Amino acid sequence: MQLTTAQVKPSKKSKHKNIRQLLKTATGCLLGATAAAQADSKESFFSGWETDIAILGYTEVDRVSAIEPVVQTQKSFDDDSVLGFKLVVDSLTGASPNGASPSDQVQTFTRPSGNGSYQTPAGETPLDDSFLDTRVSFSSFYEHGLGRMDKMIWGGNVSKEYDFFSAGLSATYVHDLNNRNTSLSLGVSGEYDFIEPVGGIPIPLTQMQAASSPQTKGEGSDTRFLGEVLIGVTQIIDRKTLVVVNYGYSQSDGYHNDPYKVTSVVDDNSGSLVQGESLSGTYLYDSRPDQRIKHSLYSKVKRAFGEDSADLSYRYMWDDWGITSHTFNLSYRKNYNAWYIEPRVRYYTQGEADFYYHSVTESQSENIGSYLTSDYRLAEMWSSTIGLKVGFKTPDGNQNSIRLEYYHQDGEKNPSNAVGVQKNYDLFPTLDAFIVQYTYSF
Amino acid sequence: MHSQLTIKKQQNGQGYIGIFQAMASDCEVLIDCDNMLLAKQMISAVFIEAKRIEAKYSRYLQGNTLDKINTSNGEKICLDDETILLVNFAYQCYQLSAGLFDISSGVLRRAWHFDGSDNIPKQKQINRLLPLIGLDKLIWDSPYLTLPKGMQLDFGGIGKEYAVDCCLITALQVNKEHPILINFGGDLICNQARRNGTAWHVGIERVGGGEAALIKLKRGALATSGDARRYLLKEGIRYSHILNPQTGYSIIDAPRSITVAAESCIEAGLLSTIAMLQGAQAKSFLMEQQIKYWIQD
Amino acid sequence: MTKLTFVVITLCLLISGCSSLGVEPWERDILAREDMALDNAKLDSAYDDHIYFSKEASSGGSGFSGGGCGCN
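Protein chains in written order, with the numbering used here: chain Z, 131 to 572; chain H, 225 to 521; chain W, 1147 to 1218.
In isolation and in its complexed conformation, chain Z is listed as follows:
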């Protein structure tokens, strides 16, 4: 809702008197003390906040688990401005693939700290279980009108975890037209990331050294800056239908390597381990370009079907690392009088980065070029999610919801360029995860 005019300061030369106070007094006399008492109940700053508290449990089969409680709150003020805050705590434990490939021998890896090592049995995907991380993030937004048909949304966020700090700001301008049936938005955001990995920044493409040897680590920390522009159009089609189309451009400069991931170098013929400088295997530290430019095209349709509604969206992403991806998401909400049920499916597929290799042979490693990664997240892969959400009211009249989802991620398990013994193993770490979320709003 926009007002024709918000509170405008009266000009000294106005030819109209402000009769409002007189009228208020007159009304007070007419309606009596009862009415006046009702009219006087001005809302304090601390009342009228809409709050959600939620907790999410995430667990991967044999790998990472996380618990993420969140509190978010917001309030709409009389002048239609909105202020919101959000606090997220997320605690991770478990093991994560370190990028190395399964082998026919036992493999020994050094922990990121450089102190201590861990071993992977033959035939298994190497997982680094040094992960024990807690992250705290705080964000806030403020939305206010600029005129009848325009508004600004300002945002800020800060996040800290053991080895990472980030701070960001954003500003979005929204303009309504066509009797508020169309909304155009233009947003920019900037984020500064400070990365301080456990054990220091590994020198890219050097070998992982045994815990007993000196580590090939450089500086203690590095930084990265991310800038984004997001343009969007929201259009009401008819009484039941709404469409959004967004285009996003993002550019990040700085440190992009994953300091905890390596690539296995295997024998040209046997596909087995190659003796390293101090370890029994040769593992090269991750190396990525220091710039990444991403483009995304996103569209969503929301449509009501009687009392129910459906939400369908598609995102196409492409970047200058050679990755393209498609994301489809469909959810259908069936509304009943006091509760609702909402099944959902998501399908995602991505191509691999130009410099992704599940592993490299010894001769390949001699001509590898500047960039190399075996991070499964930059590999060719596809994933699907199915979920169910149920919303209901508790006796106190407040809204609750429970969401359960199953996520499955898979990639090229038996690539054609697998060498020797590699053909016996899965070269993509298949992932199965379960998600449980409970939200309470008041």
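Derived by calculation from the structure, the hints in this document are not laboratory data.
Treat each hint with caution, since some may be false.
Said to hold, decoys possible - With a straight-line cut-off of 30 angstroms between C-alpha atoms, the simulated DSS-like cross-links for lysine-lysine are:
1. Lys232/H x Lys264/H
2. Lys523/Z x Lys233/H
3. Lys233/H x Lys370/Z
4. Lys370/Z x Lys1188/W
5. Lys205/Z x Lys154/Z
It should be emphasised that the depicted structure is a prediction, and the values quoted were computed from it without experimental measurement.
Fit chains H and W to the supplied structure of chain Z, relying on the hints for placement.
Below, chains H and W without anything else, positioned relative to chain Z:
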């Protein structure tokens, strides 16, 4: 239950709604509450209060309070407490509007018939009525009112808004806890946001070339002044049904519709009417008052 | 570059074709329903964005893609 009152469940399952006709308008009362008995009690209380005020001050009923005043034939008449408050209020509005808001201007209806035709009254017809208009011509010595012969009082300009405010007070006396919206033909009030914390959604009709709006109300009242249906049209000039009591003539160049938000419906109604009476100056008048308003030109 | 051109043209066409579509304010009853709001499950979307940001190569689309987290 009352034959003219319909009570049913709200379509969105939020509570109950009562519907009836009063003061020549479609009236509705929405209560967000699951207790059917309590909702019926509150809606009935509103219905009874609305009908009471209508019966007391309607100019179409013989023998009621208003009729007794208007047939007093120049004699002193003693007013009841509620009418005393209303007359006091009318006087205060007369003063703060510099004479533009005048409840004795109803006699102009004899000359002006707003039927969408081009029958503009002649100046002679208007001149004959002007001596019969002007609150300053009454003798008001509370509780005694003397209305000169030939003059008439009409609470039509504030009746509906007054009823809306009184009905809310009545409903809250039954129970204060639940969100209520009382809407008499577009003059409405609510006491708090809806149960799930969201605002009530009120649509303002688009008039002429103006722009419609969707207002979200969490607390307070709205009243609209406008000539959506009652006007005269001659030689391309639109004669609004809002008449200037000092000239007897229709306000020229007034906006088609003004909606004002205020804490009480009566306050909102007065502001929108007085704004309309400013004609072309309506917008600058509203800006001076520092209130929320919506205008359609 | 051709991808970008395609995007720009699409957006322009959309914006120009939009003026005839839409509803009057009093016809927004269904659209005003809580489940029809674009961001009606902000918390869920935020959780999802975080999970998928840490498990896949893409992020953003409906909003800014900055992670604010070291998981990727």
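Now for the hints, and whether the structure bears them out:
no. : hint                 : result
1   : Lys232/H x Lys264/H  : holds (9 angstroms)
2   : Lys523/Z x Lys233/H  : holds (19 angstroms)
3   : Lys233/H x Lys370/Z  : holds (23 angstroms)
4   : Lys370/Z x Lys1188/W : holds (21 angstroms)
5   : Lys205/Z x Lys154/Z  : holds (28 angstroms)
Hint compliance for this structure: no hint is broken.
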